[in-house]
Amino acid sequence: MAEQIPLYPVRSAAALAAANRKRAAYFSAAGPGLGADRPSRYQLEDESAHLDEMPLMMSEEGFENDESDYHTLPRARITRRKRGLEWFVCGGWKFLCTSCCDWLINICQRKRELKARTVWLGCPEKCEEKHPRNSIKNQKYNIFTFIPGVLYEQFKFFLNLYFLIVSCSQFVPALKIGYLYTYWAPLGFVLAVTIMREAVDEFRRFQRDKEVNSQLYSKLTVRGKVQVKSSDIQVGDLIIVEKNQRIPSDMVFLRTSEKAGSCFIRTDQLDGETDWKLKVAVSCTQRLPALGDLFSINAYVYAQKPQLDIHSFEGTFTREDSDPPVHESLSIENTLWASTVVASGTVIGVVIYTGKETRSVMNTSNPKNKVGLLDLELNQLTKALFLALVALSVVMVTLQGFAGPWYRSLFRFLLLFSYIIPISLRVNLDMGKAAYGWMIMKDENIPGTVVRTSTIPEELGRLVYLLTDKTGTLTQNEMVFKRLHLGTVSYGTDTMDEIQNHLVNAYAQMQCQAGGSSTASTPPRKAQSSAPKVALVRWTESVGLTLVSRDLTSMQLRTPSGQILTYCILQTFPFTSESKRMGVIVRDESTAEITFYMKGADVAMASIVQYNDWLEEECGNMAREGLRTLVVAKRALTEEQYQDFESRYNQAKLSLHDRTLKVAAVVESLEREMELLCLTGVEDQLQADVRPTLEMLRNAGIKIWMLTGDKLETATCIAKSSHLVSRTQDTHVFRPVTSRGEAHLELNAFRRKHDCALVISGDSLEVRLACPRPVHLSSLEVCLKYYEHEFVELACQCPAVVCCRCSPTQKAHIVKLLQQHTGRRTCAIGDGGNDVSMIQAADCGIGIEGKEGRQASLAADFSITRFKHVGRLLMVHGRSSYKRSAALGQFVMHRGLIISTMQAVFSSVFYFASVPLYQGFLMVGYATVYTMFPVFSLVLDQDVKPEMAMLYPELYKDLTKGRSLSFKTFLVWVLVSIYQGGILMFGALVLFESEFVHVVAISFTALVLTELLMVALTVRTWHWLMVVAELLSLGCYVASLAFLNEYFDVAFITTVTFVWKVSAITVVSCLPLYVLKYLKRKLSPPSYSKLSS
1 MAEQIPLYPV RSAAALAAAN RKRAAYFSAA GPGLGADRPS RYQLEDESAH LDEMPLMMSE
61 EGFENDESDY HTLPRARITR RKRGLEWFVC GGWKFLCTSC CDWLINICQR KRELKARTVW
121 LGCPEKCEEK HPRNSIKNQK YNIFTFIPGV LYEQFKFFLN LYFLIVSCSQ FVPALKIGYL
181 YTYWAPLGFV LAVTIMREAV DEFRRFQRDK EVNSQLYSKL TVRGKVQVKS SDIQVGDLII
241 VEKNQRIPSD MVFLRTSEKA GSCFIRTDQL DGETDWKLKV AVSCTQRLPA LGDLFSINAY
301 VYAQKPQLDI HSFEGTFTRE DSDPPVHESL SIENTLWAST VVASGTVIGV VIYTGKETRS
361 VMNTSNPKNK VGLLDLELNQ LTKALFLALV ALSVVMVTLQ GFAGPWYRSL FRFLLLFSYI
421 IPISLRVNLD MGKAAYGWMI MKDENIPGTV VRTSTIPEEL GRLVYLLTDK TGTLTQNEMV
481 FKRLHLGTVS YGTDTMDEIQ NHLVNAYAQM QCQAGGSSTA STPPRKAQSS APKVALVRWT
541 ESVGLTLVSR DLTSMQLRTP SGQILTYCIL QTFPFTSESK RMGVIVRDES TAEITFYMKG
601 ADVAMASIVQ YNDWLEEECG NMAREGLRTL VVAKRALTEE QYQDFESRYN QAKLSLHDRT
661 LKVAAVVESL EREMELLCLT GVEDQLQADV RPTLEMLRNA GIKIWMLTGD KLETATCIAK
721 SSHLVSRTQD THVFRPVTSR GEAHLELNAF RRKHDCALVI SGDSLEVRLA CPRPVHLSSL
781 EVCLKYYEHE FVELACQCPA VVCCRCSPTQ KAHIVKLLQQ HTGRRTCAIG DGGNDVSMIQ
841 AADCGIGIEG KEGRQASLAA DFSITRFKHV GRLLMVHGRS SYKRSAALGQ FVMHRGLIIS
901 TMQAVFSSVF YFASVPLYQG FLMVGYATVY TMFPVFSLVL DQDVKPEMAM LYPELYKDLT
961 KGRSLSFKTF LVWVLVSIYQ GGILMFGALV LFESEFVHVV AISFTALVLT ELLMVALTVR
1021 TWHWLMVVAE LLSLGCYVAS LAFLNEYFDV AFITTVTFVW KVSAITVVSC LPLYVLKYLK
1081 RKLSPPSYSK LSS
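Residues in the sequence shown are numbered consecutively from 1, following our numbering.
I should point out that these hints are in silico values taken from the structure, not numbers from a laboratory.
Computed from a predicted model, the values in this text were never measured in an experiment.
Even for Gly, the Cβ is constructed at its ideal location relative to N, Cα and C.
Below, computed lysine to aspartate or glutamate pairings styled on DMTMM-like, alpha-carbon distance capped at 20 Å:
1. K580 with E333
2. K229 with E211
3. K305 with D658
4. K816 with E788
5. K580 with E616
6. K126 with D232
7. K140 with D209
8. K1077 with D941
9. K115 with D309
If you anchor each label on the Cβ, the simulated ranges turn out as follows:
10. L175 with V1028: 37 to 43 Å
11. L387 with Q729: 47 to 53 Å
12. L308 with R452: 24 to 30 Å
13. G620 with D551: 34 to 40 Å
Using the sequences and the hints, build the whole thing.
Next comes the structure, spelled out in structure tokens:
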């Protein structure tokens, strides 16, 4: 692990020399090409002991530097370890509680160990172990845990727990201060609203789960077909899935209605790729005459234990009743994963994994209850207020001299000053959040936006990292053919008609080149393939060469003259992330010529094709234009060469050990000195306004990471074409690393580059790490295993990061790493089912309703229809929601602090008596009808207009520093509250004449007027509803004076004396603050005021 590498190693001369030799060997080997450095890098496996003497370089000079190298780490972990009581107080207690809870949960609910299994066809009763139910469950609670769970989520916050304790104390007669409803009504209202909201959300989740689990499927039995619910499917069942129907569980593909013995499935909800995948049925069961014959054979499937990897599978199919027994090796092409959709024909499969053991569920994280950073900050402030409350109460009891039952007096003082932490804070904030959500959904500039989580709108204003999917999010996944380069001549969109003329006039000369580019990329017309292939096939049709038909064994092309060319497909080699190329061997039916065509990425094809002097240069030119390049090549084969290849290829495919490596080795024997045909360039259409939106987000200080399941070359092209990576910016492609030594050297090479975007792959590479069995690791996983902290630190310094070939679990892992290592707020945005884990893991999840369905938008906190809407969602609504809630929260606390200050002054003057200053309805009215509307109207306040916030995204950058709500701003409000509370109470005591009831009337009226004026002082942009709220509250108070005989002297409050005394106190409490605000705006105006002026 990274922690095992000492920050201050004692380095001997021998170790220094060894380190220099390794460094020199690495960079000299890296010069000629990618393959040249392999021998020297693998040798480091045996020298891993020296790595502890060779820590990651953190300076410009190199390995020969001294220990000062390590001090340039942005957050070097040189911290003193806390021990004993200090450790317990600083978070150790929380760690111990969590550990104990986890231990109890593990004891009560032990996880069953996942094992490989033998599944007999159509015989679920033969399963040796009990497997989980095939039901989908997205609910957070059940009928027993709902109320306890919701209450726990509410009272785990100090604010609500404090309110609960204070309210319960009023049942004790000796501690009773006022009426019960003054405490329980606000708390009950908050709990009722929360429980109702959670109940509605939970019921909707229940309905969605029930709809999926109740879908009917045909199950094949000895007596024929029967209908079963998706949740009742078991391991070993034979399930029939029709076209356009969702596959309910992980299955092995046995039969299909397609004559070719194969079918296409849509996997966009699993891996995010919209191209259809070809799946092949087990040949032994596909050859059976009838469907019912599946029960006449004695066969079973041996499947590996359930795993996360959606791109691999190892298993065997065995038929025991034949002589000799039939053994077939099963791979990923023989599987049908749950949550994919059948795109062609009808399929029959045997269920091997159900429920929690399916690939899709294992790659989906459990949803968490998201809490906004603003709520956490307010929770900290309430703790500080509670300490102030306790300190003030202790001071009062101390000044009393601890006379009598002092502990009872202490508790009564705690209750008297309890308004320091206002119970209306949670009510106002929750109502404010609901108002923000309503404003977002009613914004005509972002139509179709839905707020699904109403508790975190302020999070949209605090984001630092935006992690986005590529396919369907940044792009439309629609390809257009743009460029064709033949070595001596290049054709663009405006010269394509010349190619058509060449085909018509001299087809014989161009047949190989045009046929090569189409036969290497020809999906069936009835099925959707990858977007680049579709673009190539459409282009060949536009120039006169049309694909007529295509199946697993043959294909037909029509020339411009109408002639039909028939080819027999002998072998196909699908694309893999390791090979980065795909090929096909065809035989021309008219001439019997056998040709091997191949297309692939330029980095893979450069070493395969014959020497040329233009490929590398043209690939670079097209890449700079943001085009996705494909190199097409061919090789002619004799009949003897093909027969020799076929025998070796079939033998390699039957191997049970290292099958992938052996098959790749046989195919590579053909990939030598191939004739370069052409270089093609296609453009992926971006979503509307993606470039200006990304530019706006960057100017706002948001760092953008692209996490995609697509190929490295594709991801790099889109990053450049979308201007996620600028044209002039360097891109560092992280080399494939398989060991700690390689990761160490590659990180050092990456550290030297400045202002460079990082591209790293997350796809699995089958490597051996000092163990007899292969282990699946990727470059990303190796770095995170050994150098997690260092890798994240370096990546966070990059202007942009692209992670390609990422599984859903890896996407969520990256989000959690950023949260843990940076402590900043993250946002994830995607549109497919493979983005759900990432969206749920992020602090704020945004889903886009697109071609890949609504799974991401339903799981997200906010749902939008276009990527460009993110800009307005963050710059306008996120910014205003945060600033409004910050002002609202602090003002509500000010409202409680000022009345608590008055209570403290009152008790001090009257011999520290624990008697309330205001009783009954006065306290309820003060927190509700007298001040509630004006205070809540702060949710309509705005410092700049929405258009200005969009034009100057730099305004958003200030929010990430949290200056709108901090201990500094909070302290200012505390001082204001103490000043105003002191003035109001002392003024009333000085000016009242004979009766105490006059003190109450003067001070309370001045208090209400002061709060209304303070709202006016806080407002930056007036809204007509704010004026209405101010006048309405004032009118309610004046009207209620006639009914408050119990508290006020009605005869006194109608006199001129009462009016001038109230006016004088109010002016003294508010006028200095207005003067200070005016001077501050003149001498040190905020950034937004410069724009608004």
